[in-house]
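**Q** If you want the building blocks of each chain, they are given just below.
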Amino acid sequence: MALKIVKGSIDRMFDKNLQDLVRGIRNHKEDEAKYISTCIDEIKQELKQDNIAVKSNAVCKLTYLQMLGYDVSWAAFNIVEVMSSSKFTYKRIGYLAASQCFHESTDVIMLTTNQIRKDLSSPNQYDTGVALTGLSCFVTPDLARDLANDIMTLMSHTKPYIRKKAVLIMYKVFLKYPESLRPAFPRMKEKLEDPDPGVQSAAVNVICELARRNPKNYLSLAPLFFKLMTSSTNNWVLIKIIKLFGALTPLEPRLGKKLIEPLTNLIHSRILLCLSSVAVLISLSSGMPNHSASIQGLCIVPRPLSVLSLFIVKYLGLLAMSKILKTHPKSVQSHKDLILQCLDDKDESIRLRALDLLYGMVSKKNLMEIVKKLMLHVDKAEGTTYRDELLTKIIDICSQSNYQYITNFEWYISILVELTRLEGTRHGHLIASQMLDVAIRVKAIRAFAVAQMATLLDNAHLLTGNTQHNGICEVLYAAAWICGEFSEHLEDPMATLEAMLRPKVATLPGHIQAVYVQNAAKLFSTVLRGQEGAPADSKVAQETSQLLIDRLPVFVQSANLEVQERASCILQLVKYIQKLQQKDVEVAEEVTALFAGELNPVAPKAQKKVPVPEGLDLDAWINEPPSGSESEDEGRKTKTKGKAVFAKEESRHTKPRYTEVDEKELAKRREVRKAEQANNPFYIKASPSSQKVYQEAVGVEHIPVVQIDLSVPLKVPGMPMSDQYVKQEEERREKNKADRKKKDKKKRREKGRQRRGDSGPESEEDITPAHMVDIVTEEMPENALPSDDDDKDPNDPHKVCDIQGNLHDGSQVVVSVIFENKCDSFIKSMEFNVMDSLNSKLQRPEGAGPHDSLTVPFQLPPGISNEARFIFSMQSIVMPQKLKGTLTFIVKVSWSCSPQRWLITTMCHLASTRRGRTKVGKMNLESGHVLLIWTRKSKRLRWYYRWREEREIQRWKYPWRI
Amino acid sequence: MTMHFLLLFSRQGKLRLQKWFTPVPEREKKKIVRDMTTMVLGRKPRSCNFLHWKDLKIVYKKYASLYFCCGLDAEENELLALEVLHRYVELLDKYFGNVCELDIIFNFEKAYFILDEFLLGGEVQETSKQVLSRSIEASDMLQEVSVIPRSR
Chain R
1 MALKIVKGSI DRMFDKNLQD LVRGIRNHKE DEAKYISTCI DEIKQELKQD
51 NIAVKSNAVC KLTYLQMLGY DVSWAAFNIV EVMSSSKFTY KRIGYLAASQ
101 CFHESTDVIM LTTNQIRKDL SSPNQYDTGV ALTGLSCFVT PDLARDLAND
151 IMTLMSHTKP YIRKKAVLIM YKVFLKYPES LRPAFPRMKE KLEDPDPGVQ
201 SAAVNVICEL ARRNPKNYLS LAPLFFKLMT SSTNNWVLIK IIKLFGALTP
251 LEPRLGKKLI EPLTNLIHSR ILLCLSSVAV LISLSSGMPN HSASIQGLCI
301 VPRPLSVLSL FIVKYLGLLA MSKILKTHPK SVQSHKDLIL QCLDDKDESI
351 RLRALDLLYG MVSKKNLMEI VKKLMLHVDK AEGTTYRDEL LTKIIDICSQ
401 SNYQYITNFE WYISILVELT RLEGTRHGHL IASQMLDVAI RVKAIRAFAV
451 AQMATLLDNA HLLTGNTQHN GICEVLYAAA WICGEFSEHL EDPMATLEAM
501 LRPKVATLPG HIQAVYVQNA AKLFSTVLRG QEGAPADSKV AQETSQLLID
551 RLPVFVQSAN LEVQERASCI LQLVKYIQKL QQKDVEVAEE VTALFAGELN
601 PVAPKAQKKV PVPEGLDLDA WINEPPSGSE SEDEGRKTKT KGKAVFAKEE
651 SRHTKPRYTE VDEKELAKRR EVRKAEQANN PFYIKASPSS QKVYQEAVGV
701 EHIPVVQIDL SVPLKVPGMP MSDQYVKQEE ERREKNKADR KKKDKKKRRE
751 KGRQRRGDSG PESEEDITPA HMVDIVTEEM PENALPSDDD DKDPNDPHKV
801 CDIQGNLHDG SQVVVSVIFE NKCDSFIKSM EFNVMDSLNS KLQRPEGAGP
851 HDSLTVPFQL PPGISNEARF IFSMQSIVMP QKLKGTLTFI VKVSWSCSPQ
901 RWLITTMCHL ASTRRGRTKV GKMNLESGHV LLIWTRKSKR LRWYYRWREE
951 REIQRWKYPW RI
Chain Y
1 MTMHFLLLFS RQGKLRLQKW FTPVPEREKK KIVRDMTTMV LGRKPRSCNF
51 LHWKDLKIVY KKYASLYFCC GLDAEENELL ALEVLHRYVE LLDKYFGNVC
101 ELDIIFNFEK AYFILDEFLL GGEVQETSKQ VLSRSIEASD MLQEVSVIPR
151 SR
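Just so you know, the protein sequences line up as chains R and Y, in that order.
Quick note: the first sequence, position 905, residue 905 per this note's numbering, numbers continuous.
Quick note: the second sequence, position 48, residue 48 per this note's numbering, numbers continuous.
Bear in mind the hints are in silico, worked out from the structure with no lab data behind them.
We put the beta carbon where it would ideally sit given N, CA and C, even for glycine.
A portion of the hints provided could be inaccurate.
[Said to hold, decoys possible] Calculated lysine-lysine pairs in the DSS-like style (CA-CA distance at most 27 angstroms, straight line):
id : chain 1 : residue 1 : chain 2 : residue 2
1  : Y       : 110       : R       : 373
2  : Y       : 29        : R       : 44
3  : R       : 346       : Y       : 62
4  : R       : 29        : Y       : 30
5  : R       : 609       : R       : 575
6  : Y       : 110       : R       : 159
7  : Y       : 61        : R       : 34
8  : R       : 29        : Y       : 29
9  : R       : 393       : Y       : 54
10 : Y       : 57        : R       : 393
11 : R       : 380       : Y       : 44
12 : Y       : 29        : R       : 176
13 : R       : 16        : Y       : 110
14 : Y       : 94        : R       : 346
15 : R       : 393       : R       : 364
16 : Y       : 94        : R       : 29
17 : Y       : 94        : R       : 159
18 : Y       : 110       : R       : 118
19 : Y       : 30        : R       : 34
20 : Y       : 110       : R       : 346
21 : Y       : 14        : Y       : 62
22 : R       : 176       : Y       : 129
23 : R       : 44        : Y       : 14
24 : Y       : 57        : R       : 48
25 : Y       : 61        : R       : 346
26 : R       : 258       : R       : 189
27 : R       : 16        : Y       : 14
28 : R       : 605       : Y       : 54
29 : R       : 393       : Y       : 44
30 : R       : 29        : Y       : 54
31 : Y       : 30        : Y       : 44
[As the list claims (entries may be wrong)] What follows is a list of derived Cβ distance ranges for each label pair:
id : chain 1 : residue 1 : chain 2 : residue 2 : range
32 : R       : 859       : Y       : 28        : 51 to 59 angstroms
33 : R       : 364       : Y       : 12        : 47 to 55 angstroms
34 : Y       : 73        : R       : 124       : 29 to 37 angstroms
Produce the complete structure using the sequences and hints provided.
**A** Structural data, given as structure tokens:
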């Protein structure tokens, strides 16, 4: 033995310790990876030794390597070994390594349950502390369930050191195992008045976190917290409590009034804390309907914002303003200039905050001005991320609440067009979707938008530039679609068509090309219609057909299937039309019929809102469910399919597919489809009323084409400047004002000198929009179901922490388990045990400890089955829960001289409803040997035990059990 | 407080300490660390200590050559987080006596132990410096005692 120790220490002399490793890594800067791989090999050798000191040293080194980014998950089992050492030095390192390396899917965590439980009940408070700390980092739902009881006991430990740790870790346990919240809550409440300030602050922390998710359950604690707030001297705790009140005040308005006085006292008495208090107060005031508190906040905030240039203060001031903005927008709007100044700050965080603020500050009056400022910043901004942020903000600001603040949509379109000139932005699709949205929904703007889009298409080469992956080319998608769809507004559809079919287009991304091709066809129909009015000019129409026939083959060869398909389809169509044209047949009307009908915007939620008709079961199988052999067939099918696709492609490359697309046939099909749609309840039809509105709006407003200032150098020709709109707008407003004044004067003159009043600043209502625009609302299905829960996040992990639901105290569940021996050996001494969770307990005979197992009162000869009953007492079942149980038994094997003891861990899954009635049974198996079936009919839990081959059963090896 | 993670890294972007209070997959961790170092190191001097990254609030502070950086929920108080960082630095300072980067590199496990006493599961566990240093010392004593028989 002594020799072994000596040998161990001699070995250790040659081992590297952590310091050596760190030094080594620093000395091998050039070949760090190589050096570390040799180190890892050494560590692997060390881990194989029996000496725990060597092992823990190795694990310590591994933890360091893990931090450097090396994968050490292979050593998880060794970490568990070191954790289970009885010496604090090693245990500490083991737990540290575990907290760094383990995560929920680490499988050895299962093995640690007993070890952690042992450490939690250790007489040494630091052992317990280290276990709690470690557990906080890798607690899994299973661990939480198994250890919740133990941790709850620790909450009333004699040592405050343990108490505070236990209280804090309970929060993690609640998150992982929400059922523990109800039984643990009274004790948690007690801890709010713990004599030790550390425990108290920990309890405040936990309750504050819980209350933030579900404030209404914690309203009853308000008086207690109020007392704490006025008595506590700990700043950290104070901040927490104030924050908690921030969550509670919206629910109980009287609370706000009561809080103002102590809060102001706090601010004045604690100058050091002032800043953070201000931040907290502001966050509080946002929730408070009470006016005076927020005004108070305002007085404090703008002063540092303007006087001090401290960056943190600036940041906080902006943050606070954004909070106030929600309740008192007027008081923030007066600081507009200050906020705009912040946009010039060199600190990105401050600029972003200021941007957030601007979003809430715009009105009809200042929108143009603010956006103009932002556009200036876009030009100046360095760094694409900030510029992209600006871009999205501009669009957000303009489009907020259904374009509420936009008075002049021509201006908005030109802003969008200007934005396309940004280089290397990622938000091309955003601009594109805005263009589409505005063009579709604002009827009056279409003519202008089409003109703009046509110039965009004409200058497409400027947008695409050199880089293929330029995000801005997405804009062309919108441009092409708008030009095609509303082609009746085009000045010169021929030119646009030509622009859309340039060979360079073939370099654009596939989905854009597809839109180009489709819309080229739309334009084609417009050109035809335009030309056939004057039959003398039929040459032009034929030229157009020829143009399409010349240019489309490029797209037919496209690698993108969508483009290829559309192009070949349209190419054949045009060829057919050309034939007809040569015979002097009028085709225009039929071609336009291809694209007849108005497209209406559909609300994003529309599909969801279509009610399911009665008697329709969406989950029912339409055909018989596929049998097991299907998968094989499928494999074969896909194989042949793959071949077919390949063959098809080859043929397509060699000669273009010729398909007979009959115009009449098409029309017929369309008729059939329309009839089908009319009968189909799921097809969202255009409501006739909205259609009417459009028709009335058409032509009501003649929109003049904007004068283009070509003399300005370095501008994309034809691109409008949004600035002129600002000027226009100002002039218009001036004029309006003048008119109004005149009117006022007239009125006054008429009325004599009765009253004298200043016309004052113009109010929101005075600003009339430049165009009568009719913003089409998005369509919803007629019988849409009103529902408010659309925006709730079903995945919110904190939702489950809601302690609502009723309790059935002391209800019992009798579980009948049928044990069946399917092996050839004799089984005896079966012991059954289910670990107690917080609200389900296996009932044991009197005098038995909480961890003792129950003896199954029979033995099983081969092939025999028998039933045993176990009684569980349940406190509440609010959600499905798993009970983890163990069954130990002795198998008499003929060739083995001594009986062996096996341990099987199985999981039984109890799913149940809120009322505590067990509903669904599920099988859930850890290993493949024990089968659990919960039959609803007999309300019995059957536990079949099948014994196949002895080697299949894993024997759990508990390294700490010697 | 609900801190999600705490990172310590040098001016060169070398990670010196990482603590994850919520379970994060290994790949995600690496990505976050990379993003944090580039973001924080890219900041100009004399700018504020707060950043936004995805839906997290990032609070960082530079002490000598070392950046302390932590990620919080969006609704957390960033000044409190600054205080937490500062308190941790004070604790390190007290333990090592005028702490420098090398102390943390060579005694990284100690730095972790101190952190574990101070924060638990991302929440502030103990605010009193006296109580903290007492418990750190006590557990160190325990370790020293158990080390002696080994070195014999």
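**Q** None of the hints should be skipped; say for each whether it holds.
**A** Hints, verified against the model:
1. 110/Y with 373/R: violated (52 angstroms)
2. 29/Y with 44/R: Roughly 25 angstroms between the alpha carbons, so the hint for residue 29/Y and residue 44/R holds.
3. 346/R with 62/Y: Roughly 19 angstroms separates the two Cα atoms, so the pair holds.
4. 29/R with 30/Y: holds (21 angstroms)
5. 609/R with 575/R: violated (44 angstroms)
6. 110/Y with 159/R: It holds: about 23 angstroms lies between the C-alpha atoms, which stays within 27 angstroms.
7. 61/Y with 34/R: At roughly 34 angstroms apart (the allowed maximum being 27 angstroms), residue 34/R and residue 61/Y break the hint.
8. 29/R with 29/Y: holds (24 angstroms)
9. 393/R with 54/Y: With Cα atoms ~16 angstroms apart, residue 393/R and residue 54/Y stay inside 27 angstroms; holds.
10. 57/Y with 393/R: Answer holds: residue 57/Y to residue 393/R is near 19 angstroms, not above 27 angstroms.
11. 380/R with 44/Y: The hint holds at about 18 angstroms.
12. 29/Y with 176/R: The given pair, whose Cα atoms are some 21 angstroms apart, holds under the 27 angstroms limit.
13. 16/R with 110/Y: holds (18 angstroms)
14. 94/Y with 346/R: Since the Cα atoms of residue 94/Y and residue 346/R sit roughly 36 angstroms apart, the hinted pair is violated (cutoff 27 angstroms).
15. 393/R with 364/R: Since the Cα atoms of residue 393/R and residue 364/R sit roughly 17 angstroms apart, the hinted pair holds (cutoff 27 angstroms).
16. 94/Y with 29/R: violated (31 angstroms)
17. 94/Y with 159/R: Distance of about 25 angstroms is within 27 angstroms: holds.
18. 110/Y with 118/R: holds (25 angstroms)
19. 30/Y with 34/R: holds (21 angstroms)
20. 110/Y with 346/R: violated (39 angstroms)
21. 14/Y with 62/Y: Cα-Cα ~14 angstroms, so holds.
22. 176/R with 129/Y: Roughly 31 angstroms separates the two Cα atoms, so the pair is violated.
23. 44/R with 14/Y: With Cα atoms ~26 angstroms apart, residue 44/R and residue 14/Y stay inside 27 angstroms; holds.
24. 57/Y with 48/R: Roughly 44 angstroms between the alpha carbons, so the hint for residue 57/Y and residue 48/R is violated.
25. 61/Y with 346/R: Holds - the C-alpha atoms of residue 346/R and residue 61/Y are around 18 angstroms apart, at most 27 angstroms.
26. 258/R with 189/R: With a Cα-Cα distance of about 23 angstroms, the restraint between residue 258/R and residue 189/R holds, given a limit of 27 angstroms.
27. 16/R with 14/Y: holds (22 angstroms)
28. 605/R with 54/Y: holds (26 angstroms)
29. 393/R with 44/Y: Roughly 24 angstroms separates the two Cα atoms, so the pair holds.
30. 29/R with 54/Y: violated (34 angstroms)
31. 30/Y with 44/Y: holds (24 angstroms)
32. 859/R with 28/Y: 51 to 59 angstroms: holds (52 angstroms)
33. 364/R with 12/Y: 47 to 55 angstroms: The hinted range 47 to 55 angstroms holds for residue 364/R and residue 12/Y, with Cβ atoms some 52 angstroms apart.
34. 73/Y with 124/R: 29 to 37 angstroms: holds (35 angstroms)
Comparing the model with each numbered hint stated earlier shows that hints 1, 5, 7, 14, 16, 20, 22, 24 and 30 do not hold.
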